[in-house]
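Q: Residues per chain are reported as follows:
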Amino acid sequence: MAQVVVVTSGKGGVGKTTTSAALGAALAQTGERVAVVDFAGLRNLDLVMGAERRVVYDLIYVTQGTVKLSQALIRDKRLETLYLLAASQTRDKDALTDEGVAKVIAELRETFDWVICDSPAGIERGSTLAMRHADVAVVVTNPEVSSVRDSDRIIGLLDAKTDSARGEHMDKHLLITRYNPVRAGRGDMLNVDDVIDILSLPLLGIIPESDEVLRASNLGSPVTINNPKSAPARAYSDAARRLMGEDIPMDFPTDRSGIFSKLFGRKAA
Amino acid sequence: MSWFMPFRRRKSASVARERLQILLTHERGADNHSNLIPLLREEVLAAVAKYVTVDVDKVQVKIDRGKEISLLEIDIEIPCDPEPSSLKRRDRTSRAARSQRLAVSSAH
Ligand SMILES: Nc1ncnc2c1ncn2[C@@H]1O[C@H](COP(=O)(O)OP(=O)(O)OP(=O)(O)O)[C@@H](O)[C@H]1O
Ligand SMILES: [Mg+2]
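Heads up: the sequence lines are chains W and Z, in that order.
Each residue of the first sequence is one higher than the one before, counting from 1 in our numbering.
Each residue of the second sequence is one higher than the one before, counting from 1 in our numbering.
Heads up, some of the hints might be wrong.
Here are the computed lysine-lysine pairs in the DSSO-like style, where the Cα-Cα straight-line distance is at most 27 Å [said to hold, decoys possible]: (1) Lys50(Z) <-> Lys77(W); (2) Lys58(Z) <-> Lys77(W); (3) Lys62(Z) <-> Lys68(W).
Among chain Z residues calculated to face chain W with C-beta under 7 Å, some are [claimed, not checked]: (4) Ala16; (5) Leu23; (6) Leu24; (7) Thr25; (8) Arg28; (9) Gly29; (10) Val54; (11) Asp57; (12) Val61; (13) Asp64.
Calculated directly from the structure, the hints in this document are not laboratory data.
Glycine included, every Cβ here is placed at the ideal spot set by N, Cα and C.
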């Protein structure tokens with residue numbers, strides 16, 4: 001049965017697009033059929049996934065029925081079960097209607113095991129549209145006061161905006177990203193336990209702050225594909241397996257600026 | 001000590017730079033503003049439709065935007081038994097359907 005996941009946040013720039021690409025690729029790496037859909041206001045996911053040169057049709061073409069879903073889906077060049085549906089770059093955002101989105105999501109459900117919806121921050125139109133049709137929400141939060149506050153607001157919204165016809169509450173998970181073990185060690189960053197405590201959502205994973213994420217986006221490859229052994233990739237892969245229902249112990253990112261890193265002048269990955 | 005890191009870093013940054021240059025050239029250029037791809041698709045389809053029945057849902061349009069040239073692929077599925085008899089003989093050899101691929105290169 002297909003699962004529709006909305007990747008959301010209250011505050012912008014916390015790592016939703018990075019997460020959508022990395023989780024989508026991690027799920028596809030286990031053989032699941034995955035469609036990653038860009039609901040964001042500005043097209044970005046195609047760049048992070050390295051498909052920007054191949055976009056012909058976007059989500060709006062499909063919701064409006066101009067082309068078939070299969071004509072707009074872009075297949076990943078590295079993983080054959082991974083597909084992308086790009087966001088509209090220039091066209092009127094109001095063209096994205098609730099009925100249109102409902103139709104596309106229903107059709108995606110038939111073909112894929114997972115539909116990962118990247119969405120804009122906060123209460124933008126694309127965000128609430130994607131939420132309404134999702135079964136699962138991944139609330140991306142940085143361990144930082146304004147991000148936690150805005151996450152709290154989006155969690156309230158998630159319950160309000162969920163398709164009431166389904167008559168059930170949305171399954172919500174907390175994903176902490178850009179976690180910096182060095183700052184945490186110094187006591188300069190909100191503690192993971194405190195964030196969980198404040199937001200009271202089950203924890204899907206803790207993604208460390210890492211240059212690997214930047215490198216992967218430079219190359220146009222989700223971090224889970226670009227460097228599967230890196231700390232952020234492993235954290236994303238674990239999160240993906242938790243989404244699949246596996247019981248994976250939480251790996252707490254630690255400060256690894258030990259002898260190896262010092263020798264090579266490397267920051268903690 | 002850290003001789004290889006700056007090198008590695010420059011590598012991913014230079015890939016990023018090149019990707020952006022290609023993308024922005026296209027986004028600022030003709031193939032973005034004049035709706036070149038939908039237009040080409042329509043005209044090519046119209047030309048093919050003069051001879052065979054084309055199911056627009058079976059048309060796949062792909063593009064690969066490059067630095068010097070872009071590759072536009074229009075895959076049109078043509079049924080085995082097209083109407084005009086002139087095409088019949090040639091197409092008998094095909095199985096379920098034939099796919100005609102058309103590549104258009106555009107310089108930048
Ligand atoms: N774990 C991480 N380590 C280091 N940098 C990260 C990490 N996660 C995300 N980033 C960086 O943070 C920036 C914002 O990430 P991203 O675009 O994924 O956020 P977003 O929530 O989608 O933003 P928006 O709300 O604008 O859509 C990017 O430059 C990205 O490379
Ligand atoms: Mg984003």
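Q: None of the hints should be skipped; say for each whether it holds.
A: To see whether the hints hold, each was checked on the structure:
1. Lys50(Z) <-> Lys77(W): 35 Å, violated
2. Lys58(Z) <-> Lys77(W): 22 Å, holds
3. Lys62(Z) <-> Lys68(W): 14 Å, holds
4. Ala16: Hint on Ala16(Z): holds, closest Cβ of chain W at ~4 Å, below 7 Å.
5. Leu23: This hint holds: Leu23(Z) lies near chain W, its Cβ roughly 5 Å from the closest one there, short of 7 Å.
6. Leu24: 10 Å, violated
7. Thr25: 11 Å, violated
8. Arg28: Not OK, violated: Arg28(Z) not within 7 Å of chain W, min 12 Å.
9. Gly29: 13 Å, violated
10. Val54: 14 Å, violated
11. Asp57: 5 Å, holds
12. Val61: 5 Å, holds
13. Asp64: Constraint on Asp64(Z) satisfied, holds at 6 Å.
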